[in-house]
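> Sequence:
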Amino acid sequence: MPRRNLENRNIRKIFKSGKCYCISLPIGMVRELKWREKQKLQVKRVRGGLSVKDWKK
1 MPRRNLENRN IRKIFKSGKC YCISLPIGMV RELKWREKQK LQVKRVRGGL
51 SVKDWKK
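Numbering follows the working numbering, in which position 41 of the sequence shown is assigned residue number 41; successive positions increment by one, without gaps.
It is possible that part of the hints are untrue.
As the list claims (entries may be wrong) - Restraint-style ranges between C-beta atoms, simulated for each label pair:
1) C20 - S51: 17 to 23 Å
2) R12 - K57: 28 to 34 Å
3) R3 - K57: 37 to 43 Å
4) S17 - Q42: 19 to 25 Å
5) I11 - R31: 17 to 23 Å
Honestly, the hints are just simulated from the structure, not real lab data.
Just so you know, even glycine gets a beta-carbon here, dropped at the ideal spot from N, CA and C.
All chains should be built: construct the whole structure from the sequences, respecting the hints.
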């Protein structure tokens, strides 16, 4: 699979997995945020989109 152009690297598609809708995240962003597999995240609807943040107790 060829690599994406630099300007298109962060463009993603929504896909369905079972009953959930999913998106893949760029690995560079995940590493930069130090997120790990099975980590809990808070998803919040904001004006014009979504906000995804690390979950705090």
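> Each hint should be assessed against the structure and marked as holding or not.
Now the hints, each set against the structure:
no., hint, verdict
1, C20 - S51: 17 to 23 Å, "holds, 18 Å"
2, R12 - K57: 28 to 34 Å, "holds, 29 Å"
3, R3 - K57: 37 to 43 Å, "holds, 39 Å"
4, S17 - Q42: 19 to 25 Å, "holds, 20 Å"
5, I11 - R31: 17 to 23 Å, "holds, 19 Å"
The structure meets every hint from the earlier list without exception.
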